[in-house]
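Each protein sequence line maps, in turn, to chains A and B. Those letters in the first sequence? Residues 388 to 500, by the numbering used here. Those letters in the second sequence? Residues 213 to 324, by the numbering used here.
Heads up, some of the hints might be wrong.
Mimicking BS3-like on lysine-lysine, the simulated pairs with C-alpha atoms at most 25 Å apart in a straight line are [said to hold, decoys possible]:
(1) A:K458 <-> A:K487
(2) A:K444 <-> A:K458
(3) A:K465 <-> A:K492
(4) A:K492 <-> A:K455
(5) B:K277 <-> A:K492
(6) B:K277 <-> A:K487
What the hints contain is simulated information worked out from the structure, not anything from laboratory work.
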Amino acid sequence: QQQVRQSPQSLTVWEGETAILNCSYENSAFDYFPWYQQFPGEGPALLIAIRSVSDKKEDGGFTIFFNKREKNLSLHIKDSQPGDSATYFCAASHDSGYNKLTFGKGTVLLVSP
Amino acid sequence: EAAVTQSPRNKVTVTGGNVTLSCRQTNSHNYMYWYRQDTGHGLRLIHYSYGAGNLQIGDVPDGYKATRTTQEDFFLLLELASPSQTSLYFCASSDRGRDTQYFGPGTRLLVL
Numbered sequence: 388q389q390q391v392r393q394s395p396q397s398l399t400v401w402e403g404e405t406a407i408l409n410c411s412y413e414n415s416a417f418d419y420f421p422w423y424q425q426f427p428g429e430g431p432a433l434l435i436a437i438r439s440v441s442d443k444k445e446d447g448g449f450t451i452f453f454n455k456r457e458k459n460l461s462l463h464i465k466d467s468q469p470g471d472s473a474t475y476f477c478a479a480s481h482d483s484g485y486n487k488l489t490f491g492k493g494t495v496l497l498v499s500p
Numbered sequence: 213e214a215a216v217t218q219s220p221r222n223k224v225t226v227t228g229g230n231v232t233l234s235c236r237q238t239n240s241h242n243y244m245y246w247y248r249q250d251t252g253h254g255l256r257l258i259h260y261s262y263g264a265g266n267l268q269i270g271d272v273p274d275g276y277k278a279t280r281t282t283q284e285d286f287f288l289l290l291e292l293a294s295p296s297q298t299s300l301y302f303c304a305s306s307d308r309g310r311d312t313q314y315f316g317p318g319t320r321l322l323v324l
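With the hints as extra help, turn the sequences into a complete structure.
Written as structure tokens, this is what we have:
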């Protein structure tokens, strides 16, 4: 059972556009949602995270919009640059979740110049 | 920033072979994790640990053993490797269970 789903699998946008990456989850107990960014040949690294008490989190050009009722969230990358081309993973955890993250399958983002 | 190193970076073995993947973190984090990454599956948790001598079962543990010998060192053992275990393996560490996880550079394993 896939508890964290991401869409689309891959996304291509033009430089300067806003890229929107989607994530949905099944477990209502999830309350912490980090997004990790992975460049080819590297391990993932934390990009931005949100807790379920908030509906929006911004950090630079990255914004998470969170909808608790619909059990989904999205990552908006404003003014996308070729350097943002990477794989983005949505993850989730809950307080009694044995201190582990459940990752989605990832979205591969390509920003074309 | 946390430093997580993995060795070897690449490994080739044959079916039935014995493989040990090593991970070391130098920031005294309590939690360490082993993941595998496969196209179409994303990151899947194999085993994790919250301290020396502790081991917790992850989501895809079959065919894998792990051991946390010290605060710094976490090993993943494949005692009878199979082609289905061909994958990219990542180790990660975090201070507390729900804190930021810091990933190593990965080990690419090929089982022939």
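Taking the hints in turn, this is what the structure says about them:
no. : hint              : result
1   : A:K458 <-> A:K487 : 19 Å, holds
2   : A:K444 <-> A:K458 : 16 Å, holds
3   : A:K465 <-> A:K492 : 22 Å, holds
4   : A:K492 <-> A:K455 : 21 Å, holds
5   : B:K277 <-> A:K492 : 24 Å, holds
6   : B:K277 <-> A:K487 : 18 Å, holds
In the structure shown, no violation is registered for any of the earlier numbered hints.
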